[in-house]
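Novice: Sequences are here, hints too, so could you generate the full structure?
Residue numbers (my numbering): 572 to 725.
Note that these hints are calculated values from the structure, not bench results. Among these hints, one or two may not hold up.
[To be verified] Ranges of calculated distance between the beta carbons of each label pair, as one might list FRET restraints: (1) T704 <-> L597: 41 to 49 Å; (2) R659 <-> V691: 37 to 45 Å; (3) L662 <-> W631: 38 to 46 Å; (4) A661 <-> G692: 27 to 35 Å; (5) T655 <-> A683: 15 to 23 Å; (6) G658 <-> L701: 24 to 32 Å; (7) T664 <-> W631: 37 to 45 Å; (8) V679 <-> G634: 22 to 30 Å; (9) S633 <-> A661: 40 to 48 Å; (10) L616 <-> L662: 22 to 30 Å.
Heads up, the beta-carbon is just placed ideally off N, CA and C, and yes, glycines get one too.
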Amino acid sequence: MTAMASERPNPSAARTRTPTVSPTWLRGLAAGLIGGLGAGVFLTLTAPTVLSETFSALLWASGTAVGWLVLVTASAAAGILFSTAVGRQALSTTVVLGIGYSVALWLVAAVALPAWLGAVGATAPPFPWLDPTLLAGLALYGIVLGVGHWLFGR
572 MTAMASERPN
582 PSAARTRTPT
592 VSPTWLRGLA
602 AGLIGGLGAG
612 VFLTLTAPTV
622 LSETFSALLW
632 ASGTAVGWLV
642 LVTASAAAGI
652 LFSTAVGRQA
662 LSTTVVLGIG
672 YSVALWLVAA
682 VALPAWLGAV
692 GATAPPFPWL
702 DPTLLAGLAL
712 YGIVLGVGHW
722 LFGR
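Specialist: The structure is reproduced here in structure tokens:
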């Protein structure tokens with residue numbers, strides 16, 4: 572009877588497992604897309620013109636769908652870069668690195684977005700574009716990116 576009891580699977584151990592996503596770029600892609608979804612929902616609710624006007628103008632277009640396309644594409648690419656650079660770390664480390672990474676992305680966007688939009692003849696935000704709502708959306712992206720990277724790498 573004791574042998575049978577020891578052969579039972581531990582249900583709590585099964586619940587704590589998260590599928591490992593390999594290779595690293597695929598883990599970054601998945602984490603970046605999920606982070607981009609969170610940031611996109613946040614920006615849609617708090618600053619819809621960032622998606623419908625600013626991001627979409629990067630492709631000489633307008634509309635929320637195009638803004639989402641830009642955001643999701645950039646989120647996926649940034650996620651791949653993040654996962655490739657970070658490797659396997661503790662959860663707290665990946666979250667802190669994700670937040671730092673998102674602040675760096677915000678600073679790059681503060682310079683690159685006005686410059687690009689000005690170059691293509693679109694209405695550009697002020698230079699530098701230090702928008703606190705975009706920072707909050709990117710911070711959310713960084714947190715979700717860090718957690719996702721850690722979860723998919725377990």
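Novice: Are there hints from earlier that the structure breaks, and if so, what are their numbers?
Specialist: As far as the earlier hints go, 1 and 4 are violated by this structure, in ascending order.
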